[in-house]
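J.: Sequence:
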Amino acid sequence: MEIPKTYDPKQAEESHYARWEREGCFAPEINMDAGAPVYSIVIPPPNVTGSLHMGHALQHTIMDVLTRYHRMRGFRTLWLPGMDHAGISTQLMVVRQLHKEGLTRHDLGREKFTERVWKWKEEYGGQILKQMRREGASVDWSRERFTMDEHLSRAVREFFVRAYEDGLIYRGPGMINWCPKDQTALSDLEVDKEPTKPGEGKLYYLQYPLKGSDRRLTVATTRPETMLGDTAVAVNPNDERYADLVGKSLLLPIVNREIPVVADEFVDPEFGTGAVKVTPAHDQNDYDMGLRHNLPLVVVIDQNAQMTLDAGAEFEGLDRYDARAKVVEKFGELGLLEKVADYEFAITKCSRCRTVIEPLVSTQWFLKQAEMGRASLELIREKHEPRFVPEVPYEKVYTSWLENLRDWTLSRQLWWGHRIPAWYDEEGRVFVARTQEEARGAAGTDKLTQDPDVLDTWFSSALWPISTLGWPDEDSPDLKTFYPTSVLVTARDIIFLWVSRMMMTGLRFTGQKAFDDVFITGTIFDKHGQRMSKTKGNGVDPLSVFDKYGVDATRLVLASIGSTDTRWNDNQVESYRNFANKIWNAARFCLLNSEGAQVGKGFEGEPKTWALQDRWIVSRLNRTARDVGRAIEAYQFHEAVYALYHFFWDDFCDWYIELSKSDVTATDATPARDAARSRVLTVLEQALRLLHPFMPFITEELWQRLPGVGAESLHAAYRESDVTPTVMLASFPQAGETLIDERAESEMRSVIELVSRVRNIRTELNVKPSEEVRLVIGTAGNGLGEIFNASLPQIKRLTRARDVAVSDSLAEVPRASARAALAGGAEVAVPLEGLIDFAQERARITREIEKLQKESQKVEAQLANPQFVERAPAEKVEELRARASDIGGRVRSLEQMLEALGE
RNA sequence: AGGCACGUAUGUCAACGGUAGACGGCCACCCUUACAAGGUGGAGGUUGGGGGUUCGAAUCCCUCCGUGCCUACCA
11 MEIPKTYDPK QAEESHYARW EREGCFAPEI NMDAGAPVYS IVIPPPNVTG
61 SLHMGHALQH TIMDVLTRYH RMRGFRTLWL PGMDHAGIST QLMVVRQLHK
111 EGLTRHDLGR EKFTERVWKW KEEYGGQILK QMRREGASVD WSRERFTMDE
161 HLSRAVREFF VRAYEDGLIY RGPGMINWCP KDQTALSDLE VDKEPTKPGE
211 GKLYYLQYPL KGSDRRLTVA TTRPETMLGD TAVAVNPNDE RYADLVGKSL
261 LLPIVNREIP VVADEFVDPE FGTGAVKVTP AHDQNDYDMG LRHNLPLVVV
311 IDQNAQMTLD AGAEFEGLDR YDARAKVVEK FGELGLLEKV ADYEFAITKC
361 SRCRTVIEPL VSTQWFLKQA EMGRASLELI REKHEPRFVP EVPYEKVYTS
411 WLENLRDWTL SRQLWWGHRI PAWYDEEGRV FVARTQEEAR GAAGTDKLTQ
461 DPDVLDTWFS SALWPISTLG WPDEDSPDLK TFYPTSVLVT ARDIIFLWVS
511 RMMMTGLRFT GQKAFDDVFI TGTIFDKHGQ RMSKTKGNGV DPLSVFDKYG
561 VDATRLVLAS IGSTDTRWND NQVESYRNFA NKIWNAARFC LLNSEGAQVG
611 KGFEGEPKTW ALQDRWIVSR LNRTARDVGR AIEAYQFHEA VYALYHFFWD
661 DFCDWYIELS KSDVTATDAT PARDAARSRV LTVLEQALRL LHPFMPFITE
711 ELWQRLPGVG AESLHAAYRE SDVTPTVMLA SFPQAGETLI DERAESEMRS
761 VIELVSRVRN IRTELNVKPS EEVRLVIGTA GNGLGEIFNA SLPQIKRLTR
811 ARDVAVSDSL AEVPRASARA ALAGGAEVAV PLEGLIDFAQ ERARITREIE
861 KLQKESQKVE AQLANPQFVE RAPAEKVEEL RARASDIGGR VRSLEQMLEA
911 LGE
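Count along the first sequence from 1, add 10, and you get the number used in our numbering.
Among the hints, erroneous ones may be present.
[What the hints assert, rightly or not] For each label pair, taking beta carbons as the anchor points, the in silico distance ranges come out as:
1. G912 - C663: 51 to 61 Å
2. L602 - H394: 23 to 33 Å
3. D557 - D198: 38 to 48 Å
4. E843 - D818: 40 to 50 Å
5. C663 - A833: 41 to 51 Å
6. P462 - R302: 28 to 38 Å
7. G610 - L873: 47 to 57 Å
8. D254 - A323: 17 to 27 Å
9. E843 - L873: 39 to 49 Å
10. Q744 - C663: 15 to 25 Å
Keep in mind that the hints were calculated from the coordinates and are not lab data. If you're wondering where the values come from, they're calculated on a predicted model, not measured in any experiment. Heads up, the beta-carbon is just placed ideally off N, CA and C, and yes, glycines get one too.
Turn these sequences into a full structure, and let the hints steer you where they fit.
T.: Written as C-alpha cells, this is what we have:
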C-alpha cells in the first residue's frame, strides 16, 4: 500500500464532501429509525452579499461538531442552511454596479431594479455557501432557504397581518433615525453611538431674549442649527433660578418667533445652564416634551440633511453643517453668543455607512416590542429558558434587554426587501392584508396603492426558525419534527437584533420557544487585540488558513476557541496541523503493518486476561469517549479537543504503539502478531470516530482505508441505507464504564514512570541513544515486581536496555550506578561503569532531594495544622498523607543512593 | 453616565475553593526502520498591586491600577 509520509489535507478535502452530499448523508432522511431522537439547528443566515470570515468559520465549526456528533449518536439530525436578503447591503451593491454604468436606481424604476437585484444574487450572491462546503459543514442542502423565497415571504406577510390585527403593529408619526445617505429610516439597533474626537464636539451657549425685557435666557446646545426649529425652552420645575420665567415668552433670535418657557422634569438643572432649547421635530427628547406640552413641530431639516424653507429663506438648501456655522456667526453678530466650549459626547451614526444620523419625525410602521416580548421575558425569568452558554453574562444581557423594549421601526425606504402588505384607497384609508386580492375585498375597490416601503431585514429573520421549517403551515412535517430547534449558535452582537426576536415570534405563533440553548461564540481579534474588520484590512481569511494548514487543523483551533475571546495566532493552527500529520502517520504505521489484521478483532475474551497495555489503552479509550461526549454536550469544546489530542498523541502514539511495536512488527505471521495488529487498528478506528466531529476530512480519508470497516460499522439508524459506508455515520463510541480500569491505569503509570526516569538518567548523563544499558529495579517487596516483570520486553525496548533485573532491593548494585526513586518505594539503578562522574551524580541526587524536601515542607506544614486536619474533608487529608508518605519514601531512597555513592 | 467582563509562563489560552497545566516558543541531545510537521530530556509562574473571608484562594469579597465590551433620552 502506498501511503505518503506527509498528510496532504487538500487531497482529503476534495475527496469526500461531494459524495456525502450526493448520497444524502447530511439530510435527516438518512436516519431510518422512526423512534430516533431529534437534533436540529438552523444556521444564522449569512448575508447574501457576504463572504466567509473567521467569525463565520467559528460558528460553523461549532455547529458542525454538534451536528456530526449527534448524527453519529443516532439522532435524526438537521442542520438547515440559508441566506438573508440583507436589504440595504444588497441594494447598495446593485446601486454601485449601476453607478458604474452611469445609471441610478430611479432610471430603472422599482420593478426593473428589483429584477436586477435578483440577477445580481444569482451571479454574485451566496459566495459564502460555496465556502461552507470547503469547511466541511454538514448542512442539508436540500432544505436551503432564502429569506425572500416565496414561502418565507408568505410567512412574513402572515406575521405582519396577524400582528396588525392584534394591535401590535401600527402606522403613525414618530421620531426615527434617518440616514441621509442611505435615504431610509433605521431602527435603534442599526445605529451606533460614537464618541466625538478631541476638539470635534462643542457645546454652544446661546442667549434668547425675554420678550418685553432686556433679560436673556442662555441655553446650551451641541446642535445650534436646530434652533431654527425651536418651539420652546424648557427648565426644571424645581429650578428657582428660572421659576419666574415659566409661562413667559422668549423671542427666538434670527427667526423672531415667540416661544414659551415650559417646565419639565426631564431637564437636569445641573447640566449646562439648566435651560434646554426644545426642537420637537429634530430630537427624540424634544419630541417627547413637545407631546407633553403640546408644542408645534417646525421642520427645519429635510431628508437630505439640508435646511428647509421653514428654516428661513437665507438658510433654505444649506447643508446642516453649513447652517450650523451660519447660525453661530449670526449669534455672534447679534451679540447673543455667550461662549463655545469643548465638549465630548456621543454622535449617532448609521452602522452601515457611518453617516451622521438625522432624527426626523416621519410616518412609519412600528411594532410594539414590549408587548410582543412579554412571553419571552417570563420564560427567561421563570424557567431560565433558553439556556445561554455561557450563562454569565448573556442571560442577564438578554433579560435586561427584554425588560426595556421600545417600539421597533419596521419600515425602510428601500426597494429590495419584503414590501409592506398594506394598501391605501383614494381617501388614504389603509388595508393590511395577506394579498392584494384580500385587500381589494376589504376595501371594496380595485383602486388601491400598495405602501411603497419594505420591511426591516430583521423582520424576516425574526421568523427564521419557524418559516424555514414550514410555518405558517402548521401541519408542516418539518415544523412538527424539528421545532423547537436544539441550539442556536451565534455571535453576541445580534442577541437583541435577532435572538430575542426569534424567541418572541416563536412563542407567539407556535407557543414554543425557538431553541433550547443559545451558544454565544467568542470574538476573534487580530494579534494586536483589534477587532477584525474589512475597513481596517486586518482580517485573517479562513480560506487562506485552510490552504496553508488544512481545514481539520483550523477547525480544531476554532472549536477550542468556543466562547472565548481570542487573539488569532497561526501558531495554534500549525500545532494542530502537526497533530493531523501525527494522526496520518500513526495510521500509516498501522496500515503498513495491517496484513492479517482487521478492525474489531484482537480484544477477545475477558479483559482481565489481557496484557496490561491492552487493558490500559481500552481504559483510556473509554475514558476519552466519556469525557469527549460529556464535553461536547456541555459545550466545553476545548475540553473535548484537549482530551482527544492527548489521548491520541500521548496515550496511543507515544505509549500504546511503542509498547505494541515489537509484537506488531514481528516478521513471522503468527496469530499473536495478527492479534496485536488488529488491536492497534481497532483502537485507531475508535479514535477516528471520536475525532470525526472535529476533523471530518482526515478521519474519513483514513477510515476508508482500514481493513474490516463497512456497513456493519454504521450506527444502527443508518445500517439499512445504501450509502457508501462512512465514518460520519458510524456510531460515536459510548464509554463502557466497566472498561474504565483504574487499576490498569495506575499500573501503567508505574511502568511509564520507570521508563521516564531511566530516560531522564540517560539524557542527564549523556548516554548515547544508541548505547544499551543494564537496569536493576528494586521493588521493595510490593506488587510492582509482577507488573514490571510482565512488561519486561516493553521496558527493555523503551529504555534501550540490554537486560533488566528485578529484585527486592538494590543492595547488590555496583557503586558506579545512576539511580532514581519511584512511586511505591521502588527504585531503579542504571550501572554505568566509567560514565559516572561521582560528584556530578551526587549533585544530581542532592538537587532532587532538595526539590522533594521543599514540597515536603509545604505538605507537612499543612498536615501539622490541626485546623486543617479537623475541618478539611477526610478524603483531602488522606490524600495529603499519602503524598507525604510517598515523598518521604523517595527522599529515603535517594539518601541511601547518596550513601551508596560514597564520598 | 450607568452596567458587565477581563488581567495566569516570552505568546495564545486551560484550571473557577483543595499539589497552577496545555500548545507554541526557548535550551540540550538524537535523522532510533509511522511521523524532523518527529523523538527524548529540560529551563521558565510568590496567577496586575494591596487588603479581607477560609483549615486552605488564581478561584469568593473589598479596593486600587490597567484593558475591553454593552446599554443610555444630559441638551
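J.: Each hint needs a verdict: does it hold in this structure or not?
T.: Hints versus structure:
no.: 1; hint: G912 - C663: 51 to 61 Å; verdict: 42 Å, violated
no.: 2; hint: L602 - H394: 23 to 33 Å; verdict: 54 Å, violated
no.: 3; hint: D557 - D198: 38 to 48 Å; verdict: 41 Å, holds
no.: 4; hint: E843 - D818: 40 to 50 Å; verdict: 23 Å, violated
no.: 5; hint: C663 - A833: 41 to 51 Å; verdict: 24 Å, violated
no.: 6; hint: P462 - R302: 28 to 38 Å; verdict: 33 Å, holds
no.: 7; hint: G610 - L873: 47 to 57 Å; verdict: 50 Å, holds
no.: 8; hint: D254 - A323: 17 to 27 Å; verdict: 36 Å, violated
no.: 9; hint: E843 - L873: 39 to 49 Å; verdict: 42 Å, holds
no.: 10; hint: Q744 - C663: 15 to 25 Å; verdict: 24 Å, holds
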